[in-house]
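Dock chains G and F against the given chain V, drawing on the hints supplied.
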Amino acid sequence: MFTLGELAEQLGLTLRGDPQLKITGLATLPRANSEQLSFLANSKYQQYLPKTRAAAVIMHPDSEAQCPVACLLSGEPYLSYARASRLFENKPVVDAGVHPSACVDSSAQVHSSAIIGAHCSIGAETVIGSGVVLGPGTVIGGRCRIENNTVLYANVSVYHDVVIGAGCIIHSAVVLGSDGFGFASSRGNWEKIYQLGGVTIGSGVEIGAGTTIDRGALEDTVLEDGVIIDNLVQIAHNVHIGKNTAIAACTGIAGSTTIGADVHISAMSLVTQSISDAGSYSSGTTVTDSRQWRKNAVRFTQLDALHKRVSNLEKTKRKTDK
Amino acid sequence: MFTLGELAEQLGLTLRGDPQLKITGLATLPRANSEQLSFLANSKYQQYLPKTRAAAVIMHPDSEAQCPVACLLSGEPYLSYARASRLFENKPVVDAGVHPSACVDSSAQVHSSAIIGAHCSIGAETVIGSGVVLGPGTVIGGRCRIENNTVLYANVSVYHDVVIGAGCIIHSAVVLGSDGFGFASSRGNWEKIYQLGGVTIGSGVEIGAGTTIDRGALEDTVLEDGVIIDNLVQIAHNVHIGKNTAIAACTGIAGSTTIGADVHISAMSLVTQSISDAGSYSSGTTVTDSRQWRKNAVRFTQLDALHKRVSNLEKTKRKTDK
Amino acid sequence: MFTLGELAEQLGLTLRGDPQLKITGLATLPRANSEQLSFLANSKYQQYLPKTRAAAVIMHPDSEAQCPVACLLSGEPYLSYARASRLFENKPVVDAGVHPSACVDSSAQVHSSAIIGAHCSIGAETVIGSGVVLGPGTVIGGRCRIENNTVLYANVSVYHDVVIGAGCIIHSAVVLGSDGFGFASSRGNWEKIYQLGGVTIGSGVEIGAGTTIDRGALEDTVLEDGVIIDNLVQIAHNVHIGKNTAIAACTGIAGSTTIGADVHISAMSLVTQSISDAGSYSSGTTVTDSRQWRKNAVRFTQLDALHKRVSNLEKTKRKTDK
Numbered sequence: 001m002f003t004l005g006e007l008a009e010q011l012g013l014t015l016r017g018d019p020q021l022k023i024t025g026l027a028t029l030p031r032a033n034s035e036q037l038s039f040l041a042n043s044k045y046q047q048y049l050p051k052t053r054a055a056a057v058i059m060h061p062d063s064e065a066q067c068p069v070a071c072l073l074s075g076e077p078y079l080s081y082a083r084a085s086r087l088f089e090n091k092p093v094v095d096a097g098v099h100p101s102a103c104v105d106s107s108a109q110v111h112s113s114a115i116i117g118a119h120c121s122i123g124a125e126t127v128i129g130s131g132v133v134l135g136p137g138t139v140i141g142g143r144c145r146i147e148n149n150t151v152l153y154a155n156v157s158v159y160h161d162v163v164i165g166a167g168c169i170i171h172s173a174v175v176l177g178s179d180g181f182g183f184a185s186s187r188g189n190w191e192k193i194y195q196l197g198g199v200t201i202g203s204g205v206e207i208g209a210g211t212t213i214d215r216g217a218l219e220d221t222v223l224e225d226g227v228i229i230d231n232l233v234q235i236a237h238n239v240h241i242g243k244n245t246a247i248a249a250c251t252g253i254a255g256s257t258t259i260g261a262d263v264h265i266s267a268m269s270l271v272t273q274s275i276s277d278a279g280s281y282s283s284g285t286t287v288t289d290s291r292q293w294r295k296n297a298v299r300f301t302q303l304d305a306l307h308k309r310v311s312n313l314e315k316t317k318r319k320t321d322k
Numbered sequence: 001m002f003t004l005g006e007l008a009e010q011l012g013l014t015l016r017g018d019p020q021l022k023i024t025g026l027a028t029l030p031r032a033n034s035e036q037l038s039f040l041a042n043s044k045y046q047q048y049l050p051k052t053r054a055a056a057v058i059m060h061p062d063s064e065a066q067c068p069v070a071c072l073l074s075g076e077p078y079l080s081y082a083r084a085s086r087l088f089e090n091k092p093v094v095d096a097g098v099h100p101s102a103c104v105d106s107s108a109q110v111h112s113s114a115i116i117g118a119h120c121s122i123g124a125e126t127v128i129g130s131g132v133v134l135g136p137g138t139v140i141g142g143r144c145r146i147e148n149n150t151v152l153y154a155n156v157s158v159y160h161d162v163v164i165g166a167g168c169i170i171h172s173a174v175v176l177g178s179d180g181f182g183f184a185s186s187r188g189n190w191e192k193i194y195q196l197g198g199v200t201i202g203s204g205v206e207i208g209a210g211t212t213i214d215r216g217a218l219e220d221t222v223l224e225d226g227v228i229i230d231n232l233v234q235i236a237h238n239v240h241i242g243k244n245t246a247i248a249a250c251t252g253i254a255g256s257t258t259i260g261a262d263v264h265i266s267a268m269s270l271v272t273q274s275i276s277d278a279g280s281y282s283s284g285t286t287v288t289d290s291r292q293w294r295k296n297a298v299r300f301t302q303l304d305a306l307h308k309r310v311s312n313l314e315k316t317k318r319k320t321d322k
Numbered sequence: 001m002f003t004l005g006e007l008a009e010q011l012g013l014t015l016r017g018d019p020q021l022k023i024t025g026l027a028t029l030p031r032a033n034s035e036q037l038s039f040l041a042n043s044k045y046q047q048y049l050p051k052t053r054a055a056a057v058i059m060h061p062d063s064e065a066q067c068p069v070a071c072l073l074s075g076e077p078y079l080s081y082a083r084a085s086r087l088f089e090n091k092p093v094v095d096a097g098v099h100p101s102a103c104v105d106s107s108a109q110v111h112s113s114a115i116i117g118a119h120c121s122i123g124a125e126t127v128i129g130s131g132v133v134l135g136p137g138t139v140i141g142g143r144c145r146i147e148n149n150t151v152l153y154a155n156v157s158v159y160h161d162v163v164i165g166a167g168c169i170i171h172s173a174v175v176l177g178s179d180g181f182g183f184a185s186s187r188g189n190w191e192k193i194y195q196l197g198g199v200t201i202g203s204g205v206e207i208g209a210g211t212t213i214d215r216g217a218l219e220d221t222v223l224e225d226g227v228i229i230d231n232l233v234q235i236a237h238n239v240h241i242g243k244n245t246a247i248a249a250c251t252g253i254a255g256s257t258t259i260g261a262d263v264h265i266s267a268m269s270l271v272t273q274s275i276s277d278a279g280s281y282s283s284g285t286t287v288t289d290s291r292q293w294r295k296n297a298v299r300f301t302q303l304d305a306l307h308k309r310v311s312n313l314e315k316t317k318r319k320t321d322k
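In order, the protein sequences belong to chains V, G and F. In terms of this note's numbering, the first sequence has 291 at position 291, counting the first letter as 1, and numbering is strictly consecutive. In terms of this note's numbering, the second sequence has 161 at position 161, counting the first letter as 1, and numbering is strictly consecutive. In terms of this note's numbering, the third sequence has 198 at position 198, counting the first letter as 1, and numbering is strictly consecutive.
Quick caveat, the hints were computed from the structure, so don't treat them as lab data. Check the hints yourself; a few may be wrong.
[As the list claims (entries may be wrong)] To list a few chain F residues with every Cβ distance to chain G over 12 angstroms, as calculated:
id	residue
1	Lys51
2	Leu79
3	Lys91
4	Asn148
5	Ser203
6	Thr301
[Claimed, not checked] Here are the computed lysine-lysine pairs in the DSBU-like style, where the Cα-Cα straight-line distance is at most 35 angstroms:
id	chain 1	residue 1	chain 2	residue 2
7	V	Lys295	G	Lys44
8	V	Lys315	F	Lys319
9	F	Lys317	V	Lys317
10	G	Lys91	V	Lys295
11	G	Lys308	V	Lys317
12	V	Lys308	F	Lys315
13	G	Lys319	F	Lys22
14	G	Lys22	V	Lys295
15	G	Lys91	G	Lys22
16	G	Lys308	G	Lys295
[Unchecked claim] Listed next, the stretches of chain G that the computed footprint assigns to chain V, with coverage defined by at least 3 CB atoms under 8 angstroms from CB atoms of chain V:
id	region
17	139–153
18	244–256
19	277–290
20	300–312
Please read all numbers here as calculations on a predicted model, not as lab measurements. Think of the CB as a built atom: it goes at the ideal place given N, C-alpha and C, for glycine as much as any other residue.
This is chain V alone, in the form it adopts within the complex (with noise of 0.2 angstroms):
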C-alpha cells in the first residue's frame, strides 16, 4: 500500500490532488474503486473517465480537466503505468537458497543470493548468478552460465552450453538449447547432425511460456538485449536475433535466419528469412465464419492460377483497346 504522494514520487509524476490517499491496487477505468490508482493511456478509455471511481488517474496533461478525481500526470502514461505495475507485484516470496531436494552438481557454483526450488537440477560446471530464482522442477544443463537476477519459472528446461544474460525473465516450460532440426538423407534415411553449437541469451530478455529455442549446429543460436519473445514461439538453430525486436505468440522462426533489432512480428507469423529493416512483420490469416473460410482457403490453393486468368483478361482489354 502506498499514499498517492508517495507514488507521484516513485514514478516522478505531477500530483493533482490530495497526497494523503491511499493506494492499495491498479485498476482500468470502469473497474477501479476508491482506492485504486487507474490510467488512461487508450483514447478507447476517455469514455470511462468522467464516471471512474479510481481514487487517481495516471494521464497525459492534456486531459486533465476532464479527470473527476485525483490524477498523476505524465508526457507517457502507457510507460508510468508499466512503472506502477511494478509497485504493485504481488507474487508470494520464496525463501533464498538451494532447496534441499535441488540437485546441484559439485563442480556447479550458486551465488549465496539465488534461490534454487525444489526439485531442480544443476548440471557440471555450471554458475548461476546473485539473485538468480529458478522455480520448482527447472533443470539447467552442464556448463551454462546465467548471470544476476534473471527468473526461471518453474519446469523450464535449459540444455548444456547455454548463457542467459541479467535480468532475464523465462516462463515455465520453455525448452533452452535443443537439437537443431539438421539431418543429412542417406539412402533414405536420416542421419543425424549433431548440434555442436548453443545458445546466447542477452540481458533483460523475456521469454514465454512453452517457447522452444534450438542450440546451433556450430556456433551459437543467439538473442541480444532486450528480445521479448512470447509463448510457444519456435526459434531454430543459428537465428540470430537483434536487441528489443518482440516477437508475439506462436510465431515460427526458420533456422539460419538473422532478424535485426526493433522488428515486431505479430502472432502466428512465419518467418522463412532473414528482416533487417525494424518494422512490424506479419503473416497468415484471421478467422471467419468455417464455411465462408472453407471455400477461400480451397481458392488459395488455385491463387497462382486466379492471377494467370486475370493476366490473360488484362491482355485481351489491352488488345480491346487499341
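Frame of chain V, contents of chains G and F only:
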C-alpha cells in the same frame, strides 16, 4: 469386464441379444473381436457393419436390421460410445496421499483424498480439494485453489493466484498463469508491465498438452465452465472464453479477446478480435504440394493488388457495356 | 581431438594433405580456424573456400582444385559432415544408474546400464532398456516400454501405455500419450470420450522440444521408424506417420490422418487430410510488412468472391469474342 446386460443397464440402452455375452473392451467395427463392443455413429462406417466380428454394436435403431450381431440401441450412438469409453478407461491406479518426495508448503491445505505425485511442489496458502490428482513433477504456485476431482497430469506448471474449478483435466506441460505479453516502449527499450491479474478456470474444463494460458494484466483471464481446449493453444492475457466453447490445437487467441459460449474454433486459427456469436470459425490454409504452394504464397502477398486489377477490369467492362 | 588421418579413416574418406594435422572441432568455411575441420556442401559457401583458414575441408572431388588447404573427399559431403558432427559431440557425461532422487515403481524394470536422472518418475510395469537415458524431471507412466539407447531429455512427460523404439531422441517438454481431443455433444455440453489407445513410436525417431503426440481413441497413434519431427508440432489421436517422414516445426496434424513414408512437411503446416504420396507439402503464408499484410489478409476473406468475379469477366469476354 462387463456382461452385455450390465453395459445396457449402465448406459441406459435397449439390448437386442444375449445379456450374458462378456465384453472386455471397445473397438471400431472393422477391428472389433468377439469380446469387444463396437459402435456405429458415422455413416462412413456403415460399410463395416455386415462383416463385423464385434460381440455387439451400439447403434441407432434405424440400423438395427443390418446388424449381424447383438446391439445396444441408442438415439445418440456417439454419445453412448463416449459414455461406454469411460467404463473401459484403464489407467494405472496411483495410491492416494502425498508422495514423500513432494514439497507442500506448510500453509497449503491438501485434502486427504487427493493424490499428490512424486516431485510435486505446492505453494503457500494453496488449497487442493478432495479427489484432486497431481501427476509427478507438477508445480502449483502460492494462493491457488484447485477444486474437487480435478486432474493435472505430469509436469504441469501453475503460477500463483490461479483458480481451477471442479472436474477439470489439465494435461502435461500446460502452463497456467504465466505473464501476459505486456510491455511499454521507453526510448526504444521495453519496460515490462507487471501482470497483476490471475487465471480463473471454471468446472469441467479440459486443457490439452502444452497449452499456455497467461494471467491477466489487472483482472483475471477467464475460462468458463465446460470449455475444451486442445494441445499447444495460446491464450493471451485477459481473454474471456464462454461456456462450452471448443478450441482445436495450435490456435492462438490474442490478448483481451472475448469469445462467446458454444464457439468452435478449428486448428491453427488466429483469433485477433472478439467473437460473440456461437458457431464455427477457422483461419489459415491447408497443405498442398510445396512447389504449387510456393507460387500461391507469393500470390497471397499480391492479393490486394489483384483485387484492384479485377476492379479495374470490371470498370472497363461496365463502360464497354454502356 | 583427432588427427586428420584418423578422421579420414573413421569417415571413410580420401585424404589430400597431412594426416598428422590435429583437428579440435568443426566450423563453417568463413569461421573455421587452423585446428578446425570445415565442409563445402552448399554452393552458396563456395565463395568462402579460397580464403578459408580451416585445417581441412570435407568436399566433393569436383571442388578439390579450388581448395587452398587439406581436404577430405566425399561423394556426399553433407552426409560426411553429419557423420563428422557425431565425432565432435561434446555433451557433458552423466553417471549411469538411477539417481537417488528418482522414483521408480517396484514393478518397473530398469536395465542396469540405463541413466535415470534426478527427480524422474517411472510407473508400474514399465520396462526401460539398456543404454536408455532419462534427463532430470522426466516422467514415464505405467506399462510403457522404452527400448535400447533411446534418450529422453529433461522434463519429458510420457503417459501410460506408450512404446518408444530403440535409438530415439525425445527432446525436453515433449508430451507423449496425452488424451486425444475427443468429445461427444450432449444437450450442449461436452461428454469426454476416454482415450483408450496408446502411442507406438518406432526406432530411430527424433521428436523436437515441446511437441505433443496424443494417444489413440481406441487403437494407437503410430510413428514408424526413422520419422523426424521438429519442435512444437501437434500430432492428434490416431495419426499414423510412415517411415522416414520429416515434419518441420509448428505443424499441426489432425486426428486420424495417415501420412505416408518419405513425406516432408514444411513449418507451420496444417494437415487435415491424409497424404499418401512421398514429396514435399506446405501451407500458410510467410511474413511481409504488416500494413500490406493486413490488406491481403482481408482480401483472403473475399477470395471465393473474387474468383466468381473473375469467372464473370471471363464469361463476358467469351461472349464478346463470339
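Each hint tested on the structure:
| no. | hint | verdict |
| --- | --- | --- |
| 1 | Lys51 | holds (34 angstroms) |
| 2 | Leu79 | holds (23 angstroms) |
| 3 | Lys91 | holds (22 angstroms) |
| 4 | Asn148 | holds (24 angstroms) |
| 5 | Ser203 | holds (24 angstroms) |
| 6 | Thr301 | violated (9 angstroms) |
| 7 | V/Lys295 / G/Lys44 | holds (23 angstroms) |
| 8 | V/Lys315 / F/Lys319 | holds (16 angstroms) |
| 9 | F/Lys317 / V/Lys317 | holds (9 angstroms) |
| 10 | G/Lys91 / V/Lys295 | violated (42 angstroms) |
| 11 | G/Lys308 / V/Lys317 | holds (15 angstroms) |
| 12 | V/Lys308 / F/Lys315 | holds (16 angstroms) |
| 13 | G/Lys319 / F/Lys22 | violated (79 angstroms) |
| 14 | G/Lys22 / V/Lys295 | violated (48 angstroms) |
| 15 | G/Lys91 / G/Lys22 | holds (21 angstroms) |
| 16 | G/Lys308 / G/Lys295 | holds (20 angstroms) |
| 17 | 139–153 | holds (count 4) |
| 18 | 244–256 | holds (count 3) |
| 19 | 277–290 | holds (count 9) |
| 20 | 300–312 | holds (count 6) |
Figure legend: structure checked against the earlier numbered hints; hints not met, in rising order: 6, 10, 13 and 14.
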